[in-house]
Amino acid sequence: MKTFTATIRDTLAAELRRDPNVFLIGEDIGAYGGAFGVTRGLISEFGPNRIRDTPISEQALIGTAIGAAAAGLRPVAEIMFMDFITLAVDQLTNLAAKLHYIYKLPCPIVVRTPAGGGRGYGATHSQTLERLFTGTPGLHIAAPSTAADASALLQSAIRGATPVIFIEHKLLYPLRWEIGLTLPPPLPFGHANITHSGNNVTVVAWSYMAHLALTAANQLAAEGIGVEVVDLRTLAPLDEETITAAVRKTGRLLIVEEGPKTGGFAGEIAARIFETSYDYLEAPLRRLAGPDTPVPASRTLEAACIPTVETIANAIRELASL
Amino acid sequence: MTFHSDFDCYGRMVLIRRFEEAVERLFSEGRITGTAHVCIGQEAIAVGMAAAMQPNDAFTSTHRGHGHFLAMGGDPGRMMAEMFGKATGYAYGRAGSQMMSDLSLGFYGANGITAGSMGLACGLALQAQYHNTGRVVVCTIGDGASNEGMFHESLNLAALWHLPLVVVCENNGYAMSTPLSVGLANQSIAARAAAYGITGTAVDGNSLSAVRDAVSLALTQARSGKGLQLVECHTYRLSGHSKGDKREYRSPAEEAAAWENEPLARLAAELEKQYPDAPGRIAQLNQQAAETIAAAIEFAVSSPDPDPSTVCDDLFAPHLPTA
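Chains as they are written, first to last, in numbering that gives the first Met the number 0: chain E, 0 to 321; chain H, 0 to 322.
Heads up, a few of these hints could be off.
Now the in silico label distances, taken between C-beta atoms and shown as ranges [to be verified]:
#, chain 1, residue 1, chain 2, residue 2, range
1, E, V88, H, A293, 41 to 47 Å
2, H, P303, E, A244, 58 to 64 Å
3, H, N55, E, N48, 20 to 26 Å
4, H, S223, E, N48, 17 to 23 Å
Pulled from the structure, derived: some chain E residues nowhere near chain H, Cβ distances all over 10 Å [said to hold, decoys possible]:
#, residue
5, K1
6, F22
7, T53
8, T85
9, Y100
10, P173
11, E222
12, K260
13, A269
14, A282
15, R286
16, A296
17, E317
Just so you know, the hints here were simulated from the structure itself, not pulled from any lab data. Yeah, the Cβ is synthetic: ideal placement off N, Cα and C, and Gly gets one too.
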């Protein structure tokens with residue numbers, strides 16, 4: 000059994016050993032080991048040139064990673080909390096995303112970043128901000144829900160030529176999975192995974208919400224409700240084919256998103272299904288998402304902000320009954 | 000691009016001047032659209048930097064980048080085609096005025112975001128250091144960029160890591176319409192070097208030799224392992240900020256005085272003092288520049304438009320993740 004954290008750490012170490020052009024760059028990733036301990040210990044094997052601590056300068060560290068990537072290195076940057084990625088959005092949106100289209104340069108940069116609430120960190124340390132990038136052509140976005148997928152996608156991201164936002168949910172870090180002694184092979188982006196099969200309701204989710212959706216699906220199986228869970232794994236590119244097939248199979252769709260409902264990626268999926276599969280829907284599609292509010296610090300208030308196994312299960316029951 | 004003599008430098012400077020004049024004229028005639036920021040009056044900095052650099056060095060530019068690109072050896076025809084949005088342009092019409100690049104020249108692109116290329120330059124320099132290639136990166140910015148957070152973040156990081164990087168600030172007196180007195184608490188940008196424990200130099204940016212000497216020294220220092228250098232070049236933006244600028248925020252008298260100090264005429268006068276045959280050679284270079292620009296416009300005009308069906312091509316580099 001291995002944690003999400005240890006799996007990512009082992010994957011980074013393997014990639015660092017495999018390719019001398021791979022290096023890590025970020026705040027407090029060296030001796031400290033990263034705010035969530037993901038890079039703990041790596042500096043002793045790879046040294047400070049390849050496990051590169053930076054000043055608290057998010058836009059310069061991302062810009063530096065982009066320039067290094069343009070020149071042939073393969074930087075893996077860490078943004079300590081996804082909330083802080085706002086400080087580097089210019090570099091990601093205006094430079095990384097356009098580097099190949101405009102400048103004909105490859106941009107093999109991976110930006111790993113812990114996201115999401117559930118730990119009481121408050122409004123500026125708890126957001127899921129993939130919505131800042133889902134509308135920016137030129138970026139790939141990974142949001143895995145298991146350690147194996149995280150490893151497989153991270154390998155692809157590091158070996159590719161495209162800028163990748165790699166979202167690691169904080170609540171996944173301590174969870175444990177059966178992972179063999181060898182890491183899984185790289186997984187191409189754009190392939191969703193059906194993690195639970197069922198005929199009544201399709202649930203589309205990603206990152207920690209996909210983990211919760213799977214738990215809900217297992218519970219509901221005992222009640223005789225068959226849930227088809229589509230774990231997107233990557234938001235860009237989006238595996239529309241798998242989503243569409245799953246929706247057409249059940250005729251009912253619930254999309255679960257951790258962030259606020261307004262402007263979220265769930266709305267994009269809903270619109271696409273409406274355009275392509277309206278005739279297959281046996282009930283109105285539904286979104287279960289956070290309310291349109293910052294994420295408060297208090298455990299009680301925060302819990303009211305984020306979908307849970309219970310609220311997901313209730314939403315599925317409701318959809319199944321329509 | 001190699002410059003064998005000051006006449007070579009003059010030739011490139013006058014080419015930049017004619018290119019920028021043509022851009023202004025083509026806009027006023029409605030033959031090219033969008034936007035452009037011309038560098039009339041700043042040609043000595045572009046050519047002075049390029050003349051100081053070695054072939055393997057890299058360069059990052061700004062929104063006001065035509066002169067930099069031409070100085071680095073950019074082809075006027077392909078640049079003009081890019082201005083016209085044609086398929087033969089440097090980026091097939093995708094870049095327009097502000098984002099042209101040619102990696103074979105070490106020119107890593109102009110950039111439409113103020114201070115937006117400073118991180119890129121740090122990264123290029125980091126790669127040079129990582130593999131000990133001997134390359135130095137020259138990163139140009141304007142005075143306005145010195146007020147961006149990226150300026151501080153990049154200089155601090157590059158100084159900390161002793162990156163082989165030379166930041167050249169073209170202080171042309173105005174950030175769009177905002178003069179230095181309104182935009183900078185301390186009007187010396189070179190003085191900011193002290194904050195990062197590095198060397199900052201201020202020079203006359205309208206003197207080709209002053210720029211070339213200062214940048215040469217900075218490049219030598221950076222290449223020898225002394226790390227980040229900051230060079231501030233004082234100049235004057237003789238045209239407006241961009242093509243729509245009526246320049247109502249400054250006086251004609253101020254501009255007239257600035258024209259008395261413009262770099263092209265200054266270099267011509269210096270050459271005429273030193274070389275008896277200078278007038279003839281300068282006239283020939285002027286003629287060549289005019290012909291090159293006329294040919295560039297002709298090339299652009301006669302080039303095909305990009306195929307609209309290619310609009311989504313090349314978003315991602317071809318090497319996709321392996322299965």
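Point to revise | Reported absence of P173/E from the contact zone with chain H (all CB gaps over 10 Å) | key: holds, 28 Å
Point to revise | Minimum Cβ-Cβ distance from K1/E to chain H exceeds 10 Å | key: holds, 23 Å
Check your understanding: When you look at the beta carbon of Y100/E, is every beta carbon of chain H farther off than 10 Å?
Key -> It is violated; Y100/E is separated from chain H by about 5 Å at its closest Cβ, not greater than 10 Å.
**Study point:** Assertion that F22/E lies outside the chain H interface [Cβ separation over 10 Å]
**Key:** violated, 7 Å
Practice item. May I ask you to test the hint 41 to 47 Å on the CB atoms belonging to V88/E and A293/H? Key: holds, 43 Å
Check your understanding: Taking C-beta pairs only, is T85/E more than 10 Å away from all of chain H?
Key -> Correct as stated: the minimum Cβ-Cβ distance to chain H is 12 Å, above 10 Å.
Check your understanding: Are all C-beta atoms of chain H more than 10 Å from that of A269/E?
Key -> holds, 24 Å
Exercise for review: Could you say whether the range 20 to 26 Å given as a hint is met by the Cβ separation of N55/H and N48/E?
Suggested key: holds, 22 Å
Exercise for review: Take the C-beta atom of S223/H and the C-beta atom of N48/E, compute their distance, and say whether it sits inside 17 to 23 Å.
Suggested key: 20 Å Cβ-Cβ, so the 17 to 23 Å window holds.
Exercise for review: Could you check that no beta carbon of chain H comes within 10 Å of the beta carbon of T53/E?
Suggested key: violated, 6 Å
Point to revise | Cβ separation check - A296/E to all of chain H, threshold 10 Å | key: About 27 Å separates A296/E from the closest Cβ of chain H, which puts it past 10 Å; holds.
Point to revise | Check on E222/E being off the interface with chain H, judged by Cβ distance over 10 Å | key: holds, 38 Å
Violated hints for the displayed structure, listed by number in ascending order: 2, 6, 7, 9.
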